[in-house]
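So the protein lines, in turn, are chains C and A.
The first sequence runs contiguously to residue 316 in our numbering.
The second sequence runs contiguously to residue 647 in our numbering.
Think of the hints as simulated: they come from the structure by calculation, not from any bench.
Take the hints with a grain of salt, since some may be wrong.
[As the list claims (entries may be wrong)] Restricting the straight-line Cα-Cα distance to at most 20 Å, the calculated cross-link-like pairs of lysine to aspartate or glutamate (EDC-like) are:
(1) C:K223 to C:D211
(2) C:K223 to A:E396
(3) C:K7 to C:D308
(4) C:K312 to A:D464
(5) C:K223 to A:E398
(6) C:K126 to A:E396
(7) C:K223 to C:E206
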Amino acid sequence: MSLFLAKRFATLIGTLLFTSIVIFIVLEILPGDPALLILGIDAQPGQLEVLRQQLGLNDPAWTRYWHWVGGLLTGDFGISYAYKVPVWELIGERLQLTIPLAFISMALTAFLALVLGVYAAANHNKTGDVAIMATSQVGISIPSFWFAILLILLFAVHLGWVSAGGFPGWGAGLVPALASLILPAISLAIVQAAILARITRSSVLEVMREDFVRTARAKGVSKRAVLWGHVLRNAMIPVITVMGVQFGNLIAGTIVIEQVFTLPGLGRLMFQAINQRDLELIKNVVMLLAVFVVTINFIVDMLYVVIDPRLKVHDV
Amino acid sequence: MAALLEVEDLHVTLETSRGPADAVRGVSFALERGETLGIVGESGCGKSMTALGLIGLLPERARTRGAVRLDGRDLLTMSEGELCGIRGNRIAMIFQEPMTSLNPVHPVGRQIAEPLMLHRGLNRAAAREEALRLLDRVGIPNPAARIDAYPHQMSGGQRQRVMIAIALSCNPDILLADEPTTALDVTIQGQILDLIRDLVDERGMSLILISHALGVIAENTRRMLVMYGGRVVESGPVGEVFGRMAHPYTRGLFAAIPRLGDGRARDRARPLATITGTVPELADMPPGCAFAPRCDLAVDACRLAQPPLLSIGHDHVAACIRTDHTVGVPA
């Protein structure tokens, strides 16, 4: 592993450690007694004390912190206060929706953005470029939940091609499950693709002005082959950086779209956990999201090195 | 027999923020097979634009006029697809900046192999074999270890050798070298020029060498064009041009070369000769001779009309009406 990646990996571990401490302290400071929450306000002081003892709430903070982190490392995420089931089961169930939805949205985003962005750059200042840039401006401006409602009206209500919401689960078969994810994926992808297409375009335009592009043309490589074979890879660093941020958003920040399509995703689980003051669940979901985001960033860093060999020796 | 390359009245017009600018205004020359031609002039005189115009690699919004005939076929009217078959195959080019002229994310071997696969239809393995031979020929030590190196792992001189290997790969008829040594250390410059000269001799290629340095042109080419303000102001065999120096601009360039004196006080006291004034803006060239505003010999007639190319000697012409004051007069 290169020095660059070794450093990035150390950053990843450090970030996660820091995040876990912050999460723990914030939940520690928040008022509220989990035992009281579980047993209700009519509970006897004796019962409460027994439960506190069972949950380890009377232990010193650092013992509870190490207990939690140790549990995370061994796959023991604790029991949800509100649902009385292991937290991992709740999260695992929701990930079955959130992860595929994030991947489908990201694939759509990347496809649309690369095709449109590269096309716009190749036709710089011509009609196609202007049209794509104007459309992407609209794409950036519209709220995704509003666009989602328009999609529901057209494809679910008028045309009746897909259902307006809900998720049948993968047990219902691949096709019905995927069908229920199409509209949410499109709603999420449109805004992101609009942003990413603009970044792709400007990055490609910048690389097209480089000397090595002229060298490739002087070798007899056609304009199109130069664009895909020489320019695109050099233009990818800013593009994948933004893609990494967007993928993180797709995992952690899709609560509005989940609400519109009544999808049981991670965002809604988080929302419910907050409503029910299910601190055990909140703590672990937030930590899991942090793990996702930090891991995605690390993967993006690894892709930098794959894309640009100069990073193997130099730091960025 | 017709020349290998005939350039006839080539014009290049660029779109600038100040309106259209004629970077090249009626350049004509012919290049025989195996001939070496130098183009010399200051920055902005149109020498690079002439070279890029030949192979259709001008900036997007540039326009060309005239004719560039390779074996009688006009490159300026060719389709883009046909031009791609000529570039890198029959006419190859080396650029000034070896640091930025190679793709930073591809190994050099792959960059040398690309034209071989494109023009000669070699498969990947055969192209790699050939790339190894080329790296060896251009003097990269231990090519087997260097073929998978990336440009950033090489020095400027080595990168320029790689550029030469790319240009040579398909045995072109014409090598266009645009200031190939300007960005390199002085010690490396000589090595690269020697390499280019050896390869030109060895393969019988024609060479168009562009430089701002008269010395580089004198040592490496047989015939030369002196360009100023987008026009050829003097052309002829190198010996003739240096011997007679008919155009005041050529004389100015020659006088501006720094020389080591014999150490006497007179030499030390003499300042370096310069050509006063600056190159006129492309967008507002004077109507007459473009050099007239900077020329000691200029008379009213020079400023009124562009002087025609007048014969000075065998195959030697100069665009100056005052050559009676230059030819035979020591610079």
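To see whether the hints hold, each was checked on the structure:
The straight-line distance between the Cα atoms of C:K223 and C:D211 is roughly 14 Å, inside the 20 Å bound, and the hint therefore holds. The straight-line distance between the Cα atoms of C:K223 and A:E396 is roughly 9 Å, inside the 20 Å bound, and the hint therefore holds. For the given pair, C:K7 sits about 17 Å from C:D308 by alpha-carbon distance, which is consistent with the 20 Å threshold. Restraint check for C:K312 and A:D464: the C-alpha separation of about 15 Å stays at or below 20 Å, so the hint holds.
This hinted pair checks out: C:K223 and A:E398 have alpha carbons roughly 13 Å apart, not beyond 20 Å. As the CA atoms of C:K126 and A:E396 are separated by approximately 19 Å, the hinted pair is consistent with the 20 Å bound. Of the supplied pair hints, the one linking C:K223 and C:E206 holds, its CA atoms being roughly 15 Å apart against a limit of 20 Å.
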